[in-house]
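S.K.: Protein sequence lines correspond, in order, to chains A and B.
Quick note on numbering: the working numbering labels position 43 of the first sequence as 43, and the sequence is numbered without any gaps.
Quick note on numbering: the working numbering labels position 55 of the second sequence as 267, and the sequence is numbered without any gaps.
Check before you lean on any hint, since a few could be wrong.
What the hints assert, rightly or not - Restricting the straight-line Cα-Cα distance to at most 25 Å, the calculated cross-link-like pairs of lysine-lysine (PhoX-like) are: (1) K54/A - K259/B; (2) K259/B - K228/B; (3) K253/B - K241/B; (4) K673/B - K685/B; (5) K253/B - K54/A; (6) K688/B - K673/B.
Unchecked claim - Covered, in the sense of this in silico footprint (three residues per stretch, anywhere, with C-beta under 8 Å from a C-beta of chain A), are these stretches of chain B: (7) 409-421; (8) 480-492.
Honestly, the hints are just simulated from the structure, not real lab data.
Only a predicted model underlies this, so the values are computations on that prediction, with no experimental measurement involved.
Glycine included, every Cβ here is placed at the ideal spot set by N, Cα and C.
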Amino acid sequence: MPEAANAREAILNRIRTANNAAKATAHAAEYQAIERSYQQTTNLDRETTLQRFKDHLHEYDAHIFEAAPDTIATTIAEVLKSLNQKSAIVADNFPVEALPAGFSWRRESESTTEQLDTAEGGISACEVAIAHTGTIILRGSRKMTLLPDRFLCVVHENQIVDTVPEAMARLEQYKTEPLTFVSGPSATADIEMTRIRGVHGPRFLDVIVVRN
Amino acid sequence: MTIRVGEAAEAPSFQKAAFKLLDDAQLRKNVRHATDVITGKRAIVVKEQQDWQQLRATASAIKQHTLAHLDEYLLQFEAACTADGGHVHWASDADEANRIIVDLVKQYSGKEVIKVKTMTSDEIGLNKAFEANGIHPHETDLADMIVQLGHDKPSHIVVPALHKNRQQVREIFMEAMGLAELSDKPEDLTNAARRYLRDKFLNVNIGFSGANYLLADTGGVCVVESEGNGRMCVTLPEVLITLAGIEKVIPSFRDLEVFLQLLPRSATGERMNPYNSLWTGIGKGNGPQHFHVVLLDNGRTRILADPEARQTLHCIRCGACLNTCPVYRQTGGHAYGSIYAGPIGAILTPQLFDMQHSQSLPYASSLCGACYEVCPVKINIPEVLIHLRGRVVREQQSGANIEALGMKAMARIFSSSRSFEAAQRLGHIGQWPFVSEGWVKHLPGMLGNWTAVRDMRPLPKQSFRSWWREHEKAKKENADA
Numbered sequence: 001m002p003e004a005a006n007a008r009e010a011i012l013n014r015i016r017t018a019n020n021a022a023k024a025t026a027h028a029a030e031y032q033a034i035e036r037s038y039q040q041t042t043n044l045d046r047e048t049t050l051q052r053f054k055d056h057l058h059e060y061d062a063h064i065f066e067a068a069p070d071t072i073a074t075t076i077a078e079v080l081k082s083l084n085q086k087s088a089i090v091a092d093n094f095p096v097e098a099l100p101a102g103f104s105w106r107r108e109s110e111s112t113t114e115q116l117d118t119a120e121g122g123i124s125a126c127e128v129a130i131a132h133t134g135t136i137i138l139r140g141s142r143k144m145t146l147l148p149d150r151f152l153c154v155v156h157e158n159q160i161v162d163t164v165p166e167a168m169a170r171l172e173q174y175k176t177e178p179l180t181f182v183s184g185p186s187a188t189a190d191i192e193m194t195r196i197r198g199v200h201g202p203r204f205l206d207v208i209v210v211r212n
Numbered sequence: 213m214t215i216r217v218g219e220a221a222e223a224p225s226f227q228k229a230a231f232k233l234l235d236d237a238q239l240r241k242n243v244r245h246a247t248d249v250i251t252g253k254r255a256i257v258v259k260e261q262q263d264w265q266q267l268r269a270t271a272s273a274i275k276q277h278t279l280a281h282l283d284e285y286l287l288q289f290e291a292a293c294t295a296d297g298g299h300v301h302w303a304s305d306a307d308e309a310n311r312i313i314v315d316l317v318k319q320y321s322g323k324e325v326i327k328v329k330t331m332t333s334d335e336i337g338l339n340k341a342f343e344a345n346g347i348h349p350h351e352t353d354l355a356d357m358i359v360q361l362g363h364d365k366p367s368h369i370v371v372p373a374l375h376k377n378r379q380q381v382r383e384i385f386m387e388a389m390g391l392a393e394l395s396d397k398p399e400d401l402t403n404a405a406r407r408y409l410r411d412k413f414l415n416v417n418i419g420f421s422g423a424n425y426l427l428a429d430t431g432g433v434c435v436v437e438s439e440g441n442g443r444m445c446v447t448l449p450e451v452l453i454t455l456a457g458i459e460k461v462i463p464s465f466r467d468l469e470v471f472l473q474l475l476p477r478s479a480t481g482e483r484m485n486p487y488n489s490l491w492t493g494i495g496k497g498n499g500p501q502h503f504h505v506v507l508l509d510n511g512r513t514r515i516l517a518d519p520e521a522r523q524t525l526h527c528i529r530c531g532a533c534l535n536t537c538p539v540y541r542q543t544g545g546h547a548y549g550s551i552y553a554g555p556i557g558a559i560l561t562p563q564l565f566d567m568q569h570s571q572s573l574p575y576a577s578s579l580c581g582a583c584y585e586v587c588p589v590k591i592n593i594p595e596v597l598i599h600l601r602g603r604v605v606r607e608q609q610s611g612a613n614i615e616a617l618g619m620k621a622m623a624r625i626f627s628s629s630r631s632f633e634a635a636q637r638l639g640h641i642g643q644w645p646f647v648s649e650g651w652v653k654h655l656p657g658m659l660g661n662w663t664a665v666r667d668m669r670p671l672p673k674q675s676f677r678s679w680w681r682e683h684e685k686a687k688k689e690n691a692d693a
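So here's chain B without its partners, still in its complex pose (with noise of 0.2 Å):
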């Protein structure tokens, strides 16, 4: 099994792309806008929500529930979705799904296929398999338009633009649609953006989504969306193919008046966004006569698999976490090399990578807190977090790098006072090369992370405990003498 989350697996660590990214006054100033009018709007509506709090509880007790007989969830979306003419497809990893969409895709003889936004796709590339295959993929949701023709990447988990100002949209949307003229209004842009889709609404045959929700009592399918896009690839072509996590099955339809009001409240401050579809297998509406469901794992049962961090799964990626993160709101959402950015991102990547990649991303965090208490499902991030950074050293630790053991020498050396004694005085010989002015402000190797921003006191002659022992003894001899 290979487990593929977009392009993280290559990604620098997260202190050095945000070290860059930190220099880009643009970057920062539209994220600080985009961010900072979300948080706006949804401190507005989340107030006015006075049962905010036990929706919270109840959607984090459902989704524990679910979780906990995930197995049996699953196989009853699968038979009532079966059951309503729909076909269901279990995929291990990224390169097993892609194969069985791609497949799909062939099967039903498509070379274009319109896409509402899913970030699962985005997670197992699959753009890249479809292009690898000779198939067109149209990303029909209006950012995500701006990232695929401006050969971007997403930078945030609802709004995949937000670093991209109205300028830099013009620039991108005039060269990828040919247009001689355009202004940057966001009006003309979003018109551009309908009149450039509208034909590939009507006439691709195959649509693709992913899935807010799955319904398992109905096994129906649940989009939540804005701008119509969804809509559009979900009733208009003849094939449909979602892809979905497998956490994403939620027992009833009933359940829906828990999520429907905990999402668009936390996602984009408002009271309900503008489209939901729901739709079961085919035949009962004037939609797809095709209907395919992917159910994905890649590494998610290795995160169910741990009871500290399971209740990563609970996520329902709103990105409220990301837009309230000091981190996140400074460096956007490329420093995280992941199209899982912010402190859900920093939980979710490495686990799913089973902590063989990404291990810098949970130190992507102050640890303040503000991600958990803005979450409409209770994630506990700033725990998981912490668990998750245990696991890094652990793991450091196993292995045979400079670092390990270098530590694994400390704690020998720290664990009698003899070895300890000896240790310092080695140290004041040692240190003498590196101390000017009664400071030492560089050191070598390694060591130098820490001169790097201070400067510390050499090593004394004397420890204390030498002095110590001296002071007692003479103490001793003048009391005898």
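Just chain A, same shape as in the assembly (with noise of 0.2 Å):
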């Protein structure tokens, strides 16, 4: 496209005209010389950054259970009793052995979109947590995160930081693949400011802390 290469051209040294008096700096180390005195790492101890999650998340309308590493599989069952479950989605990587038997699972690499759109529920794990922002991120699986009503997230006690630049150091690693920042269940207050929870995404949004 002959048209598009000039448009690149273009662009380009306009730009480079623009630029011509602020030029001549190397920009790696401009970059680097860029001043971050905003907050990185956490002053909070571990008890009250747990707290701060549960509590932000809360503040979300998200619903907090807590579990221990061998009762994962049996607080999964609780939660979805109380709702009234028999089935969900169930990510490709979440292990086996964390659910429990007496319901009906499908992985998400199994489900077409029909079957992800009528299901009752998703459930997948985290790879980081914010308690600062009540903040779940999820690597892949976005699909079955999204399109069933529910979604239960099984977040383990030391996924969770406190800052957001502690979350995006442990993320560096993952950052060319599709990340999805969850907090609190899909919501809207485009009519009057109202908040009104679940427009498009999952209404429901059920965290399990797992307490190492």
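Need the complex rebuilt from these two chains, each delivered in its own frame; the hints are there to steer you.
M.R.: Next comes the structure, spelled out in structure tokens:
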């Protein structure tokens, strides 16, 4: 497409002309020199961080549950039973031993879009979670955590950091993968600034925090 | 090159449009309510973020640095995105971008497109271009949907339908969706939107998005949203087209730790918005198999060329300056005649046009500085407003309009005391038809703008200077005598 190539050159030339005066510095060194005096690491202890994570998620209308490493499956069973849920789509990398018996599971890669759309819920783990903002960060599993009306996420204590920079540092190695930041159920405030849960994504977010 | 910013080139002046809108009590009530709610929520979460000023300073420094090396960062983004299977297109203006996007949709035999909220697509008038080519765009953000189905225009960068209340939304939905019954509860209205769009999300094959950030180091894109419509559009279709202004690039993935802390708190008063989607090219996920990015100039390089105003390009479209602006809070967004309303719109729109249109916008401000105070990337909007007012005046002076000629004549008269005094004498004689009861209440022509809102005293019989001369002369004569 010669036209496109022209626009590219034209835009780059206009930028270079506009920047003429500002040039000359090496951009890598200049970037490194940018001052970052905002808070990088937490000054909270472990317990306070966990409490903050739960409080902030709670404020987004998420439901929080706690489990020990060996009670994940029973906790999942309790949560689903309380919701009258009998089945779910499960993330491919979710450990099979954490799935309780007596429910019907389907792996995400074996599910069609239609099955995802009509599923009762989705269950996945997360990569990192941020207490400061009440955020869960998912690697992949984009559709199965979006289409069903319920999303249940299992978060291990050691995945929870306090600050956003701490989370970004952990995500650095996955930065070219599809990542989704989830902070509460889908919501809108477009009508009279009234917060409504669940527009297009899951209306319900349940989080199980696993204590080590 | 033809720059388009929605329909701003044809819009009436701000003052004219505002005059009319100020009469709309319902609109003012809606705008006041919405802006009060957001500013209240924002204040709370900004106060709680103790390193807010440090984050602002870093964000501003990152933006400044990126703009100074914009060519390099765009090329880096292009290389990385392409390496991961994406295609990068460049568009000098709105028409070129529309052409590229419409051609892509045709190439993939698309008849419908699902769209995530993007101001940039409104800027280039993309929906019109789609419709002219038989392609049906579906806006999927709730507010954008209200605007689209109501054949309306957005009035806010973040909450485009904040000028509508629930009753008005109900009417729009009932008519457009063919519903016989619908309550005006926001829950029910939201549910109606969910049902209406779910089928589109599952079946439309082409998604279209804007970008909050383009990441130069990974070639990735970040979209920030609340409803999940964005996630639907960027993951479900087979084809994804993303339109982004060239200023949306930031150097690295890590920089998101700054912007993702500033944007949600500024925009909606949340610690974090419900969903952020990040993806790079294609292939690493179960998302679209064809990915195209269109990089748009449309006047941005002109802004870059003005050292005093280039900070305009730092904008991350949070809308905080709109919510806090005493002018916007009275008029709402439509008075600005542009899809970019409020203080940021008042500096962005005329600059995109290289000051050829929207010249009234730099005057749509009391220069109180509230916008600068809340801006998460520290754009000194009042400073840019004054700078642009200067450009407007200089532009007008170079023209042959009556005001410019009048000002030039005035400058000549004021430059010598003899011509000044001659003019005063002439004025004293010429003013008699307009003097009544010791006041000048109505002046003809352009001078009438002055007397429309104030009376003035007529020119006195004798000026002070002439009295002084006589006085001194008489004193001297008395002394001599």
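S.K.: Evaluate each hint against the coordinates.
M.R.: Evaluation of the provided hints:
{"no.": "1", "hint": "K54/A - K259/B", "result": "holds (21 Å)"}
{"no.": "2", "hint": "K259/B - K228/B", "result": "violated (38 Å)"}
{"no.": "3", "hint": "K253/B - K241/B", "result": "holds (19 Å)"}
{"no.": "4", "hint": "K673/B - K685/B", "result": "holds (19 Å)"}
{"no.": "5", "hint": "K253/B - K54/A", "result": "holds (20 Å)"}
{"no.": "6", "hint": "K688/B - K673/B", "result": "holds (23 Å)"}
{"no.": "7", "hint": "409-421", "result": "holds (count 4)"}
{"no.": "8", "hint": "480-492", "result": "holds (count 12)"}
Of the numbered hints stated above, the single one contradicted by the structure is hint 2.
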